[in-house]
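*Asks:* Sequences are here, hints too, so could you generate the full structure?
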Amino acid sequence: MSESIDYKLVGTSPVRPDGVDKVTGRAQYGADLNLPNQIHGKVLRSPYAHARIKRIDTSRAMAMPGVYAVITGEDFPPPPEHGDVGGEAGGSIGDLARVIMARDKALYHGHAVAAVAARSLRIADEALAAIEVEYEVLEPVLDLDAAMAPGAPLLDENCFTKNLPEKTDKPSNIAEVMVLSRGDVDQGFEQADVIVEGEYRIPMAHQGYIEPHACIANTNEAGQSTVWCCTQAHFDFRAITAKVLNMNVADLKFIASEIGGGFGGKTVVYLEPLAVLLSLKARRPVKMKMTREEVFRATGPTSGTHCKIKVGAKKDGTLTAATAWMAYEAGAYAGSPMGAGAMTVFVPYDLENFKVEGYEVLLNKPKVGAYRAPGAPQSMHAMESAMDDLARELNMDPLDLRLKNAAEEGTRAPYGPKFPVIGLKECLRAAKAHPNYTRALPEGAGRGVAVGFWFNFGLQSSAEVHINENGTVTVVEGNPDIGGSRASMCIMAAETLGVPYESVRTLIGDTESTGFSNSTGGSRTTFATGMAVVRACEDIIAQCRARAAVTWGIDEDQVLWVDGQAIPASGVNDELKPLSLADIAENAAKTGGPLLSRASLTAKGAGPSFSVNIADLQVDRETGKIDVLAFTAIQDAGRAIHKAYVEGQLQGGAAQGLGWALNEEYIYNADGIMENAGFLDYRMPVASDLPMIDTHIVEVPNPRHPYGVRGVGETPIVAPLAATANAVRDAIGIRIHDLPLSPPRVLAALDAAGD
Amino acid sequence: MNKIQVITSINHEEVEFLCEPQETLLDVLRETLGRTGTKEGCATGDCGACSVLVDDRLVCSCLVLAAETGGREITTIEGIATEEGLHPIQQKFLDHAALQCGICTPGLIIATKSLLDRHPDPDETTIRYWLAGNLCRCTGYDKIVRAVQDVARDLAGPA
Chain A
1 MSESIDYKLV GTSPVRPDGV DKVTGRAQYG ADLNLPNQIH GKVLRSPYAH
51 ARIKRIDTSR AMAMPGVYAV ITGEDFPPPP EHGDVGGEAG GSIGDLARVI
101 MARDKALYHG HAVAAVAARS LRIADEALAA IEVEYEVLEP VLDLDAAMAP
151 GAPLLDENCF TKNLPEKTDK PSNIAEVMVL SRGDVDQGFE QADVIVEGEY
201 RIPMAHQGYI EPHACIANTN EAGQSTVWCC TQAHFDFRAI TAKVLNMNVA
251 DLKFIASEIG GGFGGKTVVY LEPLAVLLSL KARRPVKMKM TREEVFRATG
301 PTSGTHCKIK VGAKKDGTLT AATAWMAYEA GAYAGSPMGA GAMTVFVPYD
351 LENFKVEGYE VLLNKPKVGA YRAPGAPQSM HAMESAMDDL ARELNMDPLD
401 LRLKNAAEEG TRAPYGPKFP VIGLKECLRA AKAHPNYTRA LPEGAGRGVA
451 VGFWFNFGLQ SSAEVHINEN GTVTVVEGNP DIGGSRASMC IMAAETLGVP
501 YESVRTLIGD TESTGFSNST GGSRTTFATG MAVVRACEDI IAQCRARAAV
551 TWGIDEDQVL WVDGQAIPAS GVNDELKPLS LADIAENAAK TGGPLLSRAS
601 LTAKGAGPSF SVNIADLQVD RETGKIDVLA FTAIQDAGRA IHKAYVEGQL
651 QGGAAQGLGW ALNEEYIYNA DGIMENAGFL DYRMPVASDL PMIDTHIVEV
701 PNPRHPYGVR GVGETPIVAP LAATANAVRD AIGIRIHDLP LSPPRVLAAL
751 DAAGD
Chain B
1 MNKIQVITSI NHEEVEFLCE PQETLLDVLR ETLGRTGTKE GCATGDCGAC
51 SVLVDDRLVC SCLVLAAETG GREITTIEGI ATEEGLHPIQ QKFLDHAALQ
101 CGICTPGLII ATKSLLDRHP DPDETTIRYW LAGNLCRCTG YDKIVRAVQD
151 VARDLAGPA
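For the protein sequence lines, the chains are A and B, in the order given. Under my numbering, the letters of the first sequence match residues 1 to 755, in that order. Under my numbering, the letters of the second sequence match residues 1 to 159, in that order.
You may find that some hints are simply not true.
What the hints assert, rightly or not - In silico lysine to any residue, SDA-like type, Cα no more than 20 Å apart, as pairs:
#1 A:K643 / B:L94
#2 B:K3 / A:L121
#3 A:K253 / A:K8
#4 A:K308 / A:E157
#5 A:K625 / B:L94
#6 A:K590 / A:D738
#7 A:K315 / A:E199
#8 A:K625 / A:N405
#9 B:K3 / A:S120
#10 A:K625 / B:K3
#11 B:K3 / A:E126
#12 B:K3 / B:E23
#13 A:K167 / A:M178
#14 A:K8 / A:N405
#15 B:K3 / A:R45
#16 A:K310 / A:N405
#17 A:K315 / A:M178
#18 A:K643 / A:P594
#19 A:K105 / A:K8
#20 A:K355 / A:E199
#21 A:K167 / A:E157
#22 A:K643 / B:D150
#23 A:K308 / A:G444
#24 A:K355 / A:L459
To be verified - Covered stretches of chain B (chain A as the covering partner; in silico rule of three or more C-beta atoms under 8 Å from a C-beta of chain A):
#25 50 to 63
#26 104 to 117
Hints were generated in silico from the structure; no laboratory data involved. From the three backbone atoms N, C-alpha and C, an ideal C-beta is built for every residue, glycine too.
*Replies:* Printed below as a string of structure tokens:
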């Protein structure tokens, strides 16, 4: 399936260059830096899910010994009225400014309403307690359906639903609607021999990165600030901080620390503008870090959803029509992955007639943030569950049903364009051929399959390549390394230049020392930044050929670059001894000076990636507990650069998806307070919850990347939700539509079925 | 506030510090002593990122009061490698790509050391239950478990 190309390094799994520092405790993460004279910042958070802020009195806090600064919404410039933050769950800059610090209304429990900077964390906590806030408590809106109903309490009296056929002057909690359609669904359903329907609900879930958000800002009297923080996107953080504080981008320097997980959640700014402003007022460095509880209550999880699906097919399995209705929680402000949910729900299938209606809904919960393939896991859980039901109705193998309808190159995607080369059918065939698909199940166990997908993004990236005086290579780029990307950059640079992996080092530059790059997100780093690295290396090769030509006194076009050295073109000048990169570097002073190159680009042609997962599990009928017996993640990577880290993305995504499917959920009480804001009760998978996760990397190279990369990070979380639900259906004979499939829910379903 | 004087041993080196009564061992390690290799993920004993050994017992340092540690022997991630180089557990974590972001890695290495000190030849279930107090959100644990199995095989010597 993959054409054989004789790479020396691409597809291997060397040790990462930043590895030793990470296994010895040297690597510095967000909370690991301390500066001389630093003080500590803390945030006062709303105790109500929905309240008008009538008055804030900070005078007592400000008068306390050891308190250096107190800020509220009044200390910020007015939220910008224009401008959006892109990305996978963005929003308007003005709304993000209000997430960072509430102005007239607190819209979720945990919403920032004030912040202090003090000599110690203890004094900071005491100062928070001394701030008086008068609230007018309002009725919280906590349920999707209730929030959409006419007459629901409004979060924002100025929210008018976007994209309605006719403009409305009636405010609503529905921030936006989206309709995607093709063909004639009524006619399609008439042609169907079988129709299945289902209604699915999934609560909010958190990315669950182990490192809480942290930063330290050092602002001087001229308003110039250096910010060290854990982020997936230090350039984007700089831009947003500048807009929220009405500062000049050039006055802000952002340094990305090592990052302890993000999964989309650290593409969103929360603390940094607070720290910059507190530091300006206190004239000292201000360090801020969230507690785990703050991470749960006040950062952006992904949307809770409600989806309704209807699918029709002929007896032979050909899909004739499908409709989807879906509502996504945006949380307190507009900006959710509903659009991606709508675009992905039917994406694996060649479908002539379909209609998707999406609704994005405001309610008194944290503004959602990006979480790995934002929007797709929820909508595809609904469709892939329905496909499983359909396969049962048709008495067809579920993979055969999907193969029968699978999209391929040239199929028009539901969101418009025709697919370029994709590997869905290859993944489905690999699943069918996989021994784990046909292995006998223990008695009472169930098996489920599902398809996953993500678009993958390109966006802007920069890279520089420096050749050191001994011929070793330094790559500088601007994407925080969240899962081994330095190693991938080193592999691509070494492969391109023809030098050993060990002679290349990759550094993540700060915003002053390297060119702009968008976030480490959208599965774009190895694709887009990798492309910039390869281009910069190609430029080095061109320079090396020119330097060799100068050294040899021959024409540049008489010099070839082969296996990391300049050689004369065959037939002429055969007597010349090849010049290695080290030879050329040593001689650089005489041939034109240091060798360095750079590339910057807006990467086009990110290759969509599909996956197929196979889940085997057992249900304890006494307790409702589910044991995962085996899990197989099959995915088209285009081409794996660092094989072990690609496997790691598939395994990690599977584990997150399984956690979401089985146990993870935001549980709210009637007042809108999350009741499980800690790792004990927000139950993420631990080692004893999971089996080994088998991986199979399919390689259908992306022709738009020099090494065929598609991007792999996000797709792996999509299919586990439905694969798990389908395996439960197989094991107990009951379709449980809602997630998570936690013991109480499974037990209730068994009880209801009279088991 | 009156501070408490504590004399203890960290990675076989005598250390003296002053702490407030409510400060945890994690607070002191990270903030007072600058040993930031031990990570804070939750401060409630649920994630294991702050795992250290106190007298060879695996603990979450966020649940131990610093004032209680007088006269103890504390082992942190900074004390695992030796003059000869990385500890085999550290090397196998690298070889198996058993870390992605790496924030949980110090705690997992400490927990693995504690496991292998007691059970030099653990089966997969033992490994998974022993490490169940250490959350990793990136890897799905597969490569971590394999790294631990590989260290155990090596420590057992040639069959």
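*Asks:* Run every hint past the structure and note whether it holds.
*Replies:* Results for each hint:
Taking the CA atoms of K643 of chain A and L94 of chain B, the gap is about 14 Å. The hint holds against a cut of 20 Å. A C-alpha spacing of about 16 Å is found between K3 of chain B and L121 of chain A, which places the hinted pair at or below 20 Å, so the restraint holds. The straight-line distance between the Cα atoms of K253 of chain A and K8 of chain A is roughly 38 Å, outside the 20 Å bound, and the hint therefore fails. Distance hint between K308 of chain A and E157 of chain A is unfulfilled; the C-alpha atoms sit about 29 Å from each other, more than 20 Å.
Taken as a hint, the K625 of chain A and L94 of chain B pair is broken in the structure, with Cα atoms around 34 Å apart against an allowance of 20 Å. Proposed proximity of K590 of chain A and D738 of chain A is contradicted: the alpha carbons are some 70 Å apart, above 20 Å. At most 20 Å may separate the alpha-carbon atoms for a hinted pair to count; K315 of chain A and E199 of chain A exceed this at roughly 23 Å. Among the hinted pairs, K625 of chain A with N405 of chain A is inconsistent with the structure: their alpha-carbon atoms are about 34 Å apart, more than 20 Å.
This hinted pair checks out: K3 of chain B and S120 of chain A have alpha carbons roughly 14 Å apart, not beyond 20 Å. For the hint pairing K625 of chain A with K3 of chain B, the CA-to-CA distance comes to about 48 Å; that exceeds 20 Å, so the pair is violated. Proposed proximity of K3 of chain B and E126 of chain A is supported: the alpha carbons are some 19 Å apart, at most 20 Å. Of the supplied pair hints, the one linking K3 of chain B and E23 of chain B holds, its CA atoms being roughly 10 Å apart against a limit of 20 Å.
Annotation: proposed proximity of K167 of chain A to M178 of chain A holds, straight-line Cα distance about 14 Å (limit 20 Å). Using a Cα cut-off of 20 Å, the hinted pair K8 of chain A and N405 of chain A is violated, with the two alpha carbons roughly 38 Å apart. Between K3 of chain B and R45 of chain A, the direct Cα distance comes to roughly 30 Å. Violation of the 20 Å bound is thereby established for this hinted pair. Our distance criterion of 20 Å between C-alpha atoms is met by K310 of chain A and N405 of chain A, whose separation comes to about 16 Å.
Between the alpha carbons of K315 of chain A and M178 of chain A the distance comes to roughly 32 Å, so the proposed pair goes past 20 Å and is violated. For the hint linking K643 of chain A to P594 of chain A, the alpha-carbon distance of about 34 Å lies beyond 20 Å, and the restraint is violated. Among the hinted pairs, K105 of chain A with K8 of chain A is inconsistent with the structure: their alpha-carbon atoms are about 59 Å apart, more than 20 Å. With a C-alpha separation of about 16 Å, the suggested pairing of K355 of chain A with E199 of chain A holds against the 20 Å cut-off.
Between the alpha carbons of K167 of chain A and E157 of chain A the distance comes to roughly 16 Å, so the proposed pair stays at or under 20 Å and holds. Taking the CA atoms of K643 of chain A and D150 of chain B, the gap is about 19 Å. The hint holds against a cut of 20 Å. Between K308 of chain A and G444 of chain A the alpha-carbon distance is near 29 Å, which puts this suggested pair outside the 20 Å criterion. Simply put, K355 of chain A and L459 of chain A have alpha-carbon atoms about 30 Å apart, too far for the 20 Å limit, and the pair is violated.
Remark: the region 50 to 63 of chain B is not confirmed as covered by chain A, as 0 of its residues place a Cβ nearer than 8 Å to a Cβ of that chain, below the required three. For the region 104 to 117 of chain B, the assignment as covered by chain A holds, since 4 residues bring a beta-carbon within under 8 Å of that chain's beta-carbons and 3 suffice.
Checked against the numbered hints listed earlier, the structure breaks hints 3, 4, 5, 6, 7, 8, 10, 14, 15, 17, 18, 19, 23, 24, 25; every other hint is satisfied.
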